[in-house]
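Visitor: As a plain string of letters, each chain reads:
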Amino acid sequence: AQTVTQSQPEMSVQEAETVTLSCTYDTSENNYYLFWYKQPPSRQMILVIRQEAYKQQNATENRFSVNFQKAAKSFSLKISDSQLGDTAMYFCAFMKHLPMNRDDKIIFGKGTRLHILP
Amino acid sequence: GAGVSQSPSNKVTEKGKDVELRCDPISGHTALYWYRQSLGQGLEFLIYFQGNSAPDKSGLPSDRFSAERTGGSVSTLTIQRTQQEDSAVYLCASSLRQGNTEAFFGQGTRLTVV
Chain A
1 AQTVTQSQPE
11 MSVQEAETVT
21 LSCTYDTSEN
31 NYYLFWYKQP
41 PSRQMILVIR
51 QEAYKQQNAT
61 ENRFSVNFQK
71 AAKSFSLKIS
81 DSQLGDTAMY
91 FCAFMKHLPM
101 NRDDKIIFGK
111 GTRLHILP
Chain B
1 GAGVSQSPSN
11 KVTEKGKDVE
21 LRCDPISGHT
31 ALYWYRQSLG
41 QGLEFLIYFQ
51 GNSAPDKSGL
61 PSDRFSAERT
71 GGSVSTLTIQ
81 RTQQEDSAVY
91 LCASSLRQGN
101 TEAFFGQGTR
111 LTVV
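So the sequence lines, in the order shown, correspond to chains A and B.
Residue numbering for the first sequence follows the numbering used here, beginning at 1 and increasing consecutively.
Residue numbering for the second sequence follows the numbering used here, beginning at 1 and increasing consecutively.
Keep in mind the hints are simulated off the structure, nothing from the lab.
A couple of the hints might just be wrong.
[To be verified] Once the Cα atoms are required to be at most 25 angstroms apart in a straight line, the calculated DMTMM-like pairs of lysine to aspartate or glutamate come out as: (1) B:Lys11 with B:Glu85; (2) A:Lys110 with B:Glu44; (3) B:Lys57 with A:Asp26; (4) B:Lys57 with A:Glu29; (5) A:Lys55 with A:Glu10; (6) A:Lys73 with B:Glu44; (7) A:Lys96 with B:Glu44; (8) B:Lys57 with B:Glu85; (9) A:Lys96 with A:Glu61; (10) B:Lys57 with B:Glu44; (11) A:Lys110 with B:Asp56; (12) A:Lys110 with B:Glu85; (13) A:Lys78 with A:Glu10; (14) A:Lys96 with B:Asp56; (15) A:Lys70 with A:Glu29; (16) A:Lys96 with B:Asp24.
Nothing here was measured: the structure is a model prediction, and the numbers come from that model.
The whole structure should be built from the sequences, with the hints applied where relevant.
Guide: The structure is reproduced here in structure tokens:
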């Protein structure tokens, strides 16, 4: 069974700084997808970034980028030039490439609460 | 609609009453998830529907909780004899079967048991 671990329950950084959120996972699969979701105080879950395991190139979305280390099963999120609006809970998630049965559900980590300080 | 719709947005109920929470997933999405989120906490998996397969109910915390998905679309989460510890936000998400698309979440239902 797959597991996702986020070892940082809470973090705080000053506005404009760069912050890295860590995520590790465990799987025997070779082809899968990894996601970072953001949940601001409004509680709406928003996809921040997605990475396909078969792609070696790290995904980037504006100020958000990932460091995907497949062999180490690590998938960290880097937020550059952090802004007050980045304050949120961040969840790392794993999904198999082709979920086939009821055991193949998306797996979420427990989340990291990020505070951007003015 | 374009997104996952949940109703009601907020529900206040008296301890011991039954409640039904509704989730209307994105059309065509075969996978549907229910999660519970207590204040400031992470996502607690409750139940997962995937197509016509038997649902994964492994996350339901007690037999007071049940869920069904009719016609592979709308889902209802029912909590019987509600307790104060059931107070939380209940989130629904749906996705395509393939893993190359993400799960889309509704806004959630905030349940308060008084």
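Visitor: Are the hints correct? Go through all of them and say.
Guide: Here's how the hints hold up against the structure:
no., hint, verdict
1, B:Lys11 with B:Glu85, "holds (14 angstroms)"
2, A:Lys110 with B:Glu44, "holds (9 angstroms)"
3, B:Lys57 with A:Asp26, "holds (22 angstroms)"
4, B:Lys57 with A:Glu29, "holds (23 angstroms)"
5, A:Lys55 with A:Glu10, "violated (30 angstroms)"
6, A:Lys73 with B:Glu44, "holds (23 angstroms)"
7, A:Lys96 with B:Glu44, "holds (20 angstroms)"
8, B:Lys57 with B:Glu85, "holds (20 angstroms)"
9, A:Lys96 with A:Glu61, "holds (22 angstroms)"
10, B:Lys57 with B:Glu44, "holds (12 angstroms)"
11, A:Lys110 with B:Asp56, "holds (20 angstroms)"
12, A:Lys110 with B:Glu85, "holds (20 angstroms)"
13, A:Lys78 with A:Glu10, "holds (15 angstroms)"
14, A:Lys96 with B:Asp56, "holds (16 angstroms)"
15, A:Lys70 with A:Glu29, "holds (11 angstroms)"
16, A:Lys96 with B:Asp24, "holds (24 angstroms)"
Checked against the numbered hints above, the structure breaks only hint 5 and satisfies the rest.
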